[in-house]
Every structure is written in structure tokens, then in C-alpha cells.
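Just need the whole structure built from these sequences, with the hints factored in.
Protein chains in written order, with numbering that gives the first Met the number 0: chain A, 0 to 413; chain V, 0 to 283.
If you are wondering where the hints come from, they were derived from the structure by calculation, not from laboratory data. Every clue listed holds true.
Computed beta-carbon distance windows for the label pairs: (1) V:ASP133 to A:ASP11: 54 to 64 Å; (2) V:VAL15 to A:SER71: 49 to 59 Å; (3) V:ALA182 to A:SER71: 14 to 24 Å; (4) A:GLY72 to V:MET1: 57 to 67 Å; (5) A:ARG387 to V:ARG209: 35 to 45 Å; (6) A:GLU289 to V:VAL63: 54 to 64 Å; (7) V:ALA182 to A:GLU148: 26 to 36 Å; (8) V:ALA182 to A:LYS221: 28 to 38 Å.
All values derive from a computational prediction rather than experimental measurement. Glycine included, C-beta positions come from ideal geometry on N, C-alpha and C.
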Amino acid sequence: MVNTDATPATEDILTIESLWKVFGPDADDLLENQLRFADKEEILEKTGCVLALRDITLAVRRGEFFVIMGLSGSGKSTLIRCLLRLIEPTSGSIVINGEDICRYDQAKLMGLRRHTISMVFQHFGLFPHYTVLDNVTYGLKIRGASRQERHDRAMEAIALVGLKGWENHLPEALSGGMQQRVGLARALATDPQILLMDEPFSGLDPLIRRQMQDELVELQDKLNKTIIFVTHDLHEAFKLGGRIAIMRNGEVIQIGSPEDVITAPANDYVRDFMQDASPAKVLTAGWIMEEPELLLYEWQGLKTARHLLRATGEDYAFVVGKHHELLGIVTRELLDQGIRDGRQATVRDVAGLVRDLPRCGPDVVIEELFPLATAGPYPIPVLNENDRFLGQIRNRTILDSMIQERVEEEENQS
Amino acid sequence: MMEFPQGLRLPMAEWVNTAMDWILLNWGPFFDIAGKGILQMLLLIERLFLWIPWPVIVLATGIVAWRVLGRWTSGVVMALLLLVIGSFGYWQLAMMTLALVVSAVVISLVIGIPTGILMARSDRLETLIRPLLDAMQTMPSFVYLIPALMLFGLGKVPAVFATIIYAMPPVIRLTNVGIRQVAPSVIEAATAFGSSPRQILFHVQLPLARPTILVGINQTTMMALSMVVVASMIGAKGLGLEVLLSINRIDIGRGFEAGLSIVILAIIIDRITHAFAVRRRTNS
Numbered sequence: 000m001v002n003t004d005a006t007p008a009t010e011d012i013l014t015i016e017s018l019w020k021v022f023g024p025d026a027d028d029l030l031e032n033q034l035r036f037a038d039k040e041e042i043l044e045k046t047g048c049v050l051a052l053r054d055i056t057l058a059v060r061r062g063e064f065f066v067i068m069g070l071s072g073s074g075k076s077t078l079i080r081c082l083l084r085l086i087e088p089t090s091g092s093i094v095i096n097g098e099d100i101c102r103y104d105q106a107k108l109m110g111l112r113r114h115t116i117s118m119v120f121q122h123f124g125l126f127p128h129y130t131v132l133d134n135v136t137y138g139l140k141i142r143g144a145s146r147q148e149r150h151d152r153a154m155e156a157i158a159l160v161g162l163k164g165w166e167n168h169l170p171e172a173l174s175g176g177m178q179q180r181v182g183l184a185r186a187l188a189t190d191p192q193i194l195l196m197d198e199p200f201s202g203l204d205p206l207i208r209r210q211m212q213d214e215l216v217e218l219q220d221k222l223n224k225t226i227i228f229v230t231h232d233l234h235e236a237f238k239l240g241g242r243i244a245i246m247r248n249g250e251v252i253q254i255g256s257p258e259d260v261i262t263a264p265a266n267d268y269v270r271d272f273m274q275d276a277s278p279a280k281v282l283t284a285g286w287i288m289e290e291p292e293l294l295l296y297e298w299q300g301l302k303t304a305r306h307l308l309r310a311t312g313e314d315y316a317f318v319v320g321k322h323h324e325l326l327g328i329v330t331r332e333l334l335d336q337g338i339r340d341g342r343q344a345t346v347r348d349v350a351g352l353v354r355d356l357p358r359c360g361p362d363v364v365i366e367e368l369f370p371l372a373t374a375g376p377y378p379i380p381v382l383n384e385n386d387r388f389l390g391q392i393r394n395r396t397i398l399d400s401m402i403q404e405r406v407e408e409e410e411n412q413s
Numbered sequence: 000m001m002e003f004p005q006g007l008r009l010p011m012a013e014w015v016n017t018a019m020d021w022i023l024l025n026w027g028p029f030f031d032i033a034g035k036g037i038l039q040m041l042l043l044i045e046r047l048f049l050w051i052p053w054p055v056i057v058l059a060t061g062i063v064a065w066r067v068l069g070r071w072t073s074g075v076v077m078a079l080l081l082l083v084i085g086s087f088g089y090w091q092l093a094m095m096t097l098a099l100v101v102s103a104v105v106i107s108l109v110i111g112i113p114t115g116i117l118m119a120r121s122d123r124l125e126t127l128i129r130p131l132l133d134a135m136q137t138m139p140s141f142v143y144l145i146p147a148l149m150l151f152g153l154g155k156v157p158a159v160f161a162t163i164i165y166a167m168p169p170v171i172r173l174t175n176v177g178i179r180q181v182a183p184s185v186i187e188a189a190t191a192f193g194s195s196p197r198q199i200l201f202h203v204q205l206p207l208a209r210p211t212i213l214v215g216i217n218q219t220t221m222m223a224l225s226m227v228v229v230a231s232m233i234g235a236k237g238l239g240l241e242v243l244l245s246i247n248r249i250d251i252g253r254g255f256e257a258g259l260s261i262v263i264l265a266i267i268i269d270r271i272t273h274a275f276a277v278r279r280r281t282n283s
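Here is the structure:
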């Protein structure tokens, strides 16, 4: 492992020292053996054990936004669970605030989970039988806080994540993004020093995901908590992380700031990773799409539409139906013509071009959008599998990202 | 090879007999006390049911059915059904039967729900208890009725005992299943916030398993009702005994009336407890 880290050291809140995790009946035997440095596959074949974490050593500073990045199977979720001992490490030490939590007994471990660290989960892990308020107070109730304190702190946390007014709803009534806000509020309510987040936004729609990331950055600024954030998304890592640890096959292969990782990749794996990560190849339509300034609905009248269009100063707008499905695009000319004709009542009747419009799904990478960008004068609509309109991408945005890539390539060469 | 070799005989019968003798000799007082306890409880419930005037019970049943089933017509139908039992002249016997069922169900739940919880927590315990539950449900009841008679004597107590044996398995099974069905991600979240196993049980597992456990309670009640005829053979008075007597006298009409009364009790209890089980979670 190469540490390309150049920022000045402040106080470490958490240090991990040669942490190992092996799943299997003879895990302890394996760690006595030289075989422990062999390939994962070889270990599995010879011992039947699955090596999940190999000799992890890293330190996280107080108040830092630390991202653990890796593809699936890299051990990142196992690592973050070891920090709460939701998974028991096989050997090594985890020191938090100067104490090795691997030596904690059950009572001390419960104290750590109640007061010092809390966690946000990929699949939310909300209590379906509790209301939003009861979900958020859970951590406080568990540690025996008074009713008044519970209520006050929970309401504060709920306000912080922007869910005021939803206290008495059950989680099932909320959208995915809102459910994860509940998850975040629940974790913040206990006022922990360290916040663990295990791919918290990966189950959300691209636009919601981006919005949640922005809000998290803001929150971090306000609350100054230490955040350890796990993700498989390189761009999320680069956006959020003060420092990034890149994991592969259960090992940490590089720790450093995003700039360090980009400019001085520790080895070929990281370099390949970055290469693959050139924006056009990695960024998806969902990432760069934006909400249009104006969306017209099929039942709106022609004059209303013209008024709205004038107000935004655009020459065109997309038309969607009741279920937000894309029906077509309306231009000023089409509207003027329709009004002059006087026969058509709603924008639905004048909307044209719907079959000829280029379109794409949220998971299409930008590279594939280049030909579409030059095909027509209008933005490209992003639709989900049911033709629901998610957002639009302006041609300019696509071209910008292409130019950006050029510049980066030139920088890398020099 | 047509005949099974004699030498391979497993002397299970002798073992059971010896064990039974030993229990009778050494545990007699224990069963006396347990039997008296059950009897006191049963008599108390029976006296209560017989003490309440019948119009009150009919009215209360109607109101409860209306509230939990959500329609006033259901309440009226349930109340009318109870009146039918009364019109057969079986009110007293029906209340005695009900008392027997209620005591057996209460004891079944007191033992069954904690057993189901323990079973959900240990895979080993589950594999141990499962065949036991199978045996309780399939072993012909007379096989354990006779030992029960030897332990408790003739009368209501062995009847309650036999009913418990037969009726308890569903609530154990469904408590076990209900707790095991709770999503691991929810349990993990509860653990991550520092819950003790006890807190997880009471704040997360039991509330989420509640609908399943209520189905178990419903089934246990139904099973208990279906045992009343057998129970009457060893001296428990009630509708079951009436069925038995009518059949012995080949009085088909009386037998039908008594049998129908049991069915009516079953329908009323089933509808009401089932409605409790499926009722949607409220925002509490």
C-alpha cells in the first residue's frame, strides 16, 4: 500500500492496525500460515476459507470526510461493519478515541454503538412498524433518554434533513430518497462522533442521489462530524471525499486525496481504474442530466403554454402526460400556428416530433451520447424504462464534458 | 426376508411403562398441585361466564364483532348466532365449553409464545422441538389421554391437558416463523444502534411478528375447540358431552343441534380473532 497523502496530520479519531477478516471454520489457523498472503482464490481452494480483509491499516482524522471506494467484493462493506463489530474481525485492532474496541465486552460495545458511532445503511434498515419520529428516536430510546429529550433531539434531526411535517408517517409512505433521509436523521439524533455510511445513496434515482450528496456536504460543513462513507461510485468518491481509500480484493491499495489518487496512482490497478473513469466513459446520463426549467402537461391549453414559454425565455418545452411519460416537444412556432388555427385545444394536440426525438436511459454513458448531441437542436430527454421523463441533457453539457476530458488528457501527458 | 427379525425388537413399550410408573411414584404430588391450579383457573372462568347474564354476553359479542370486523351487519349476525345456541337450550353448556377452551388457550399461549421465541433464537432448539410439535399434532389423543387420566384423575383437568397438547403447536410454530421472518437488515440496524438482545426482541422482533403470532393464536383457538368432544369423553361437561350422549342414544336431531352449537362458537371465535390478526397496523 502506498500512502500518497500530503495533508498535515491532525488528531486521529480512529486507527485500524493490521486488521484481518477471514470467513470460514479454520480462520485462525490460516492467519498463522504464510498462505495468508496468497491469492484469495488459492486460499479458498486450499483451506475453504474466504479472505475478506487482508492486513488493513489506516487512520481517520477527527472531522474528516473519509471515503472507502471499491467495486463489489472488495471488502468495503465488511470493513465498515467491523468498525461497529457487526462483523467480528479475525485479528488486528481498531482504536477509537484511544481504546481498542476489539477488546470491548458486550456492555462496552453497546455503549460505543449507542453514543459514539452510528450508521446509515444502503437498504435504509428502517423499522417498518414505527413512524418517522419513532424511527428517529430509536437510538435515544435504546439508551434510556427521557421522553422530552428524545422528542426534542429527534425533531431537531428531522428538521435538519428536511423532513419536517412527516413525523407521523410510516416509512412505507415515503419515497426512497425520503426514507434515506429518515435513516440519516436516525443516525444524527444520537449525536455520534463518527457517522458510518454504507453506500447510502446507491439505491436512489440519479437526480435525488445528486441532491442528497449536496445536502450531505452541507450537513458535514455544519455539524463537523467524522464521516466514513463507503461507495462503489468513483464520481461520488471524488465529489465527497476529503481522502479516499481504494480497496481491492480485501486490501487497501491507496489512500490519499482525490488529487493524489488521480495524479499519482499507486499501481496499475488504480491507474486503469482512473483511465476507465474518464468522465465520458464513467459519467452516465443520470449524472449530468438536469431538470428542465419548464415542463408542459398534456392538458394545458395553448395560450397558457405560450405564456409559460415566454416567461422562461425558451423556444421549446417537453410535454408529458399524467404519469410523467414523455409525449413530445412543443416549439413556439407550433404553438403560434395552433393558436392561429384555433382548432386545437391543448398542447397535446400540437405536440410533434415525439417519434423522431433522440432519447436515452439514465445509465447510458456520455460517450454514447455524442452522436445524439449533434443530431438535433433540442436537449436529449432522459427516460426510465417506462418512458417516464427524468430530466434532460443539453447538447452543450455533453460537449463540455468532452472538452474537459481533452484537457485532462493533455495534463496527464505533460 | 418377509418377516422382520424378532431379535431387533426395540423394547420401547417397556421403557414407557417403566417411565410412567416412575413418574407416578415420584412426581405424584407435583401433578396434584399442577392439576389443582388448572382446575381453579378453569372453575373461575366458568363461574364468570355463567355469572354474566346472557343478554350481556350476546350484546358484548355483537359490539366487539362490529368494532373489529368493521361492519354493523357482522355484529348483528354474530349476536344472532349466539341466540341460536341459546334457543337450543345449550347456553350453559356452551359457556362451560368456552371456559374450557379459554383456559386451554391461555395456558397454551403462556407456554407456547416463549417457546416459539426461544426456538427462533436457536437453530439447534428448532430442530429439537420440531418433531415434538409434529408428535403433539399427530399422535392420537387417546395415547396421552390415558396417562393424563392416571396423573390427574378423571374430570376437567385431563381434558384441559389434552386440549393444550393438541392446540399449542400452531402458536409455537407461528411465533417462531414470525420472528425469523423479520428482515435481517432491520435487525442489523437495531444492533448497530446498540440494542440489547432483549430490546431487539421487544422493540423490533415481536411487534413485526405480531400479525403472524396472532394467526397462530387464532389457529390454536380453533384446534382447542375441535378437541371438546374428545375432552368430554374423560368427564369435561359441555357441548362435547351432549354430542356424545346424543350419539349413544342415536338421537340424531339433538346431536345435530349440539354439533351446530360447536360450529357456531367456532365461527364467532374465528372471525373475531382472525380480524385482530389481519387488522392493519395503526400509527401508534
